[in-house]
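Read top to bottom, the protein sequences are chains V and L. Under the working numbering, the first sequence has 129 at position 129, and the numbering climbs by one with no breaks. Under the working numbering, the second sequence has 1013 at position 13, and the numbering climbs by one with no breaks.
I should point out that these hints are in silico values taken from the structure, not numbers from a laboratory. Using N, Cα and C, we set each Cβ at its ideal position, and we do this for glycine too. A portion of the hints provided could be inaccurate.
So, partial list: chain V residues that the calculated Cβ filter (under 10 Å) puts toward chain L [claimed, not checked]:
| id | residue |
| --- | --- |
| 1 | H427 |
| 2 | R430 |
| 3 | W433 |
| 4 | D436 |
| 5 | G726 |
| 6 | P741 |
| 7 | L743 |
| 8 | D752 |
| 9 | Q753 |
| 10 | M886 |
| 11 | G888 |
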Amino acid sequence: MAADQANRLASGGLIDRSASLNFRFDGKSFSGFKGDTLASALVANGVKLVGRSFKYHRPRGILTAGSEEPNALVELRSGARREPNTKATTAELYDGLEAASQNRWPSLNFDVMAVNQLFAPIFVAGFYYKTFMWPAKFWEAIYEPAIRRAAGLGRAAQVSDPDHYDKAWAHCDVVIAGSGPAGLAAALAAGRSGARVILCEEDFVPGGRLLADGGTIDGLPASEWVARTLAELAAMPDVRIMTRTTLFGVYDGGTYGAIERVNDHLPMPPEHQVRQRLWRIVAKRCVVAAGAIERPIVFAGNDTPGVMMASAMRSYISRYAATPAKRIALFTNNEDGWRTAETAIAAGLQVAAVIDARPDVSPAHRSLASKGGFPVLHGSVVGVNGGKNGVRKISVSLTGGARAEVEADGLAVSGGWNPAVGLTSYHRGRPKWRDDIAAFVPDGAPPGMVAAGAANGAFGLGACLREGFEAGAAAARDAGRSGNVGSMPVADDEAFSLTPLWHVAGKGKAFVDQQHDVTASDVELAQREGFESVEHLKRYTTLGMATDQGKTSNVAGLAIMAAVSGKSIPETGTTIYRPPYVPVAIGAFAGHHRDENFHATRLTPSHHWAAEQGAVFVDTGLWKRAQWYPRPGEKDWLESVTREVNAVRSGVGFCDVSTLGKIDVHGPDAGAFLDRVYINAFSSLPVGKARYGLMLREDGIVYDDGTTSRLAEDHYFLTTTTAKAGLVMQHLEFCRQVLFPELDVQLTSVSDQWAQFSIAGPKTRDLLREIVDPAEDLSNEGFPFMGAREVALRGGLKARLFRISFSGEMAFEISVPARYGEAMARNLMIAGKPFGVTPYGTEALGVMRVEKGHVAGPELNGTTTAGDLGLGKMMSTKKDFIGRVMAGREALVAPDRQVVVGIKPVDKARRLRSGAHIIPKGETPGPDNDRGYVTSVCFSPVLDQWIGLGLVERGRERIGEIVHAHDPLRGEDYDVELCNPVFYDPDGGRQRG
Amino acid sequence: MRITCPFCGERELGEFTYLGDAKPQRPVADAGEEAVYDYVYLRDNVAGVMSEHWYHSGGCRAWLKVTRNTLTHEISAVEPAAGAGAAKVGA
Ligand SMILES: [Zn+2]
């Protein structure tokens, strides 16, 4: 049975009492209401202990009521949806919610690791750095495992996230962060001006502090004013209010990041819906109305469950009608904290005492105290007597030195307010110190952004409305909207009087950063050890480095540092602020780009046909390419590939090579242009011919290769490697537009427009004659080696035919418009049946290119020159071209460079492996004797042995030499012979036949 | 960050590819190795306003000369490369 909500007030609050929700915390059943957070429901059920702390496993309760919460972190949900470090203070309650406390074993009430408190001296500031100095053995065997077990913040799910995340763009005139009085007023003014407005509110209800603190605006109770304002905004078609959405960062050019928790308030997202959505909002102006965060005062025992921020206590009582304590003590150094005493009395709770650190208390509050029958103690809290079940007694040091004790079961604390300066400081802005409120406020902001209201240090309700309204109106005006803004909402300003107090000295641990268990004495120790810079303080003590990023602790930490180092707070300064303002799931940044959708997939024109054939596909860049086509009974890939190679060499085969980059080069200067980008000449290429071309980078290293054909006087068709297709296009456009704008030439990428097949083998002509119009002359005279022209196919379709060969066989490449690619593959199969046509994949393609000694990716590896590849003679001396001058540098033409050479094992049965190092016979393997390495290997069916290509020092001079192949990665050593890289048909008779 | 392409309008950073400093000019063919070495390797490390080459790879494929402040990322000018677009047609 669900426990009753013993600490729920009988009436009031923004909860729907007709909607009862059941939930479980650490296995125990409870109930709450719609409108609750997990934290408020726990408060309503009298649960004070919600977790154990990071280092010392101290019992912890709920400190705040918002996203600044350092303590009340839980594992929410279970199984694949288990989410560690979820703030109970922002997790919306839903029926069936399951949460578990963190950092405890075996149970929250009895935690074995709490003994860490006894070892506290070793967990002091810098303990990681210090213990790293210990003997490595001790660290690895004993210390680290113990710390890993002891520390940590919850457990990740360990399985793939089953939910979907989305990414979206939005554009508007004005984006507003926060829907408190300043944010709503800004939205009103901007909306009335006619601006397109997006207002992001991280809570699930708009209103900000008005939800808990109320007030009177335009003569109306705050709740009525909020309702009226929301109705007015809802009627404006260009104003969008996004609740459950945190504006977490600001980026260049007025781009803002926001995370929308679309369905986090449900057990799981409804079907076809995302869990969260990452927004990139482009806005002309931004108004930061993100409010302020109440700050603690650091004193001994300030982490006892039941010690709570004063404003949070008001939120629980007023907004959620849940009472964190029956008898409340308040410790404040400012006027605002007193509101909690007012709220407690109004709710019928007892106030035990108000401990006010200021010398004076206003007459109004003095009379409140006498009416409420509680004492006002001038002094400070120096200790809390209590434990995991909460606060029992509070020790007070009175001004003048006397001591007092207060019995209470809850202690509200207010040390003043820190404006939320994150967003305004994310472009390395540093906030400035304001003495009158003893707080940092924004000092400028990224372009287009302005802070208003409490985020700007204006704490009074009237000031918040005024600043927000004026900022909204100005933002709309700057965005070019000039509608009538109407009248400004008006309210009184409350008095704000504060005497700064950061730390009260006392006995026992006084926590600055509760999430990372950093104490005041850790900060003092860091100062004594010389870590005075705030950036050093942060890293040495880990202050502010937990998931809450020190929202409640940073300023207190540097105030203590300032005090011990004898500097002022502004002199001490702040650390750099960095987004995101709240943790954002990596899944949201990834969106749909995960698993098979991590990147786009490109399919070749014949892909579906190849899949029908049972092809095994390989990922090459974005492409899926057929690697080989296994046949029944074949035991492994090698058997299939060997069959494919033999079929090509003895009959005919075909392969989809559409992945090559294809570029049409048009214009009267097309030839001149190609002369400048290739090392060899193309202006001299006759129409109807193709030529192999090599491009260099400007530094003289080989960039890419391919075959380029001249289809007309002013039209060339250029191909690139698959890998470099996009980059070569970019490079050529750079050459055309930036380097050689005087040339009249245009480039068109046609990679996706043409399906291209290599058809190879002695029976290629027989097959082609079945495909190509009989009127086309395919004889050796009518279509010689390196010929290229448009032909008609049977049925009339125009194709481009190129007599080029990568395999070394008599071969053609044929291009048809991409939409005919699949039909071409099917037709080649049908027409080729009498000739035993065999489709082959990229493996067989690779085998045949190694057999022919053609270089490819492993040799065009970004370090080789044309000379290294054996192509030095292609470099024209009659013209300038990209890379010409640098290619002539001494080291690039040195005789001892590693150059392409053939390699075969002396033992013909031995398998050669890529990556093996070449060591001269009799030398000791090692860097000093390393003369090169094996770049490409294959099993050659023709030679019936493994062969390869390599880059070997002075390789061409050493042909015939027996050297040593040293492969430490695989633990292999064997002898190989350096040989001519063209293993098959060295004089090229077959491809010319 | 967004760049206003003279052909496509204001577009998001992801559509563009960065190359680098637009100041070095490719030397003439007979300028000699020293000049080409400078062109290929020597770059100023500008903290402030510099002129850069960007490529509208996800758009019109124009090369652009973008004047950008490397400290603030503020873009003060964008102009097409001399040979960008189809300027010669009908010119
Ligand atoms: Zn463009």
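Checked hints:
no.: 1; hint: H427; in the structure: 8 Å, holds
no.: 2; hint: R430; in the structure: 16 Å, violated
no.: 3; hint: W433; in the structure: 25 Å, violated
no.: 4; hint: D436; in the structure: 32 Å, violated
no.: 5; hint: G726; in the structure: 8 Å, holds
no.: 6; hint: P741; in the structure: 3 Å, holds
no.: 7; hint: L743; in the structure: 8 Å, holds
no.: 8; hint: D752; in the structure: 14 Å, violated
no.: 9; hint: Q753; in the structure: 15 Å, violated
no.: 10; hint: M886; in the structure: 6 Å, holds
no.: 11; hint: G888; in the structure: 7 Å, holds
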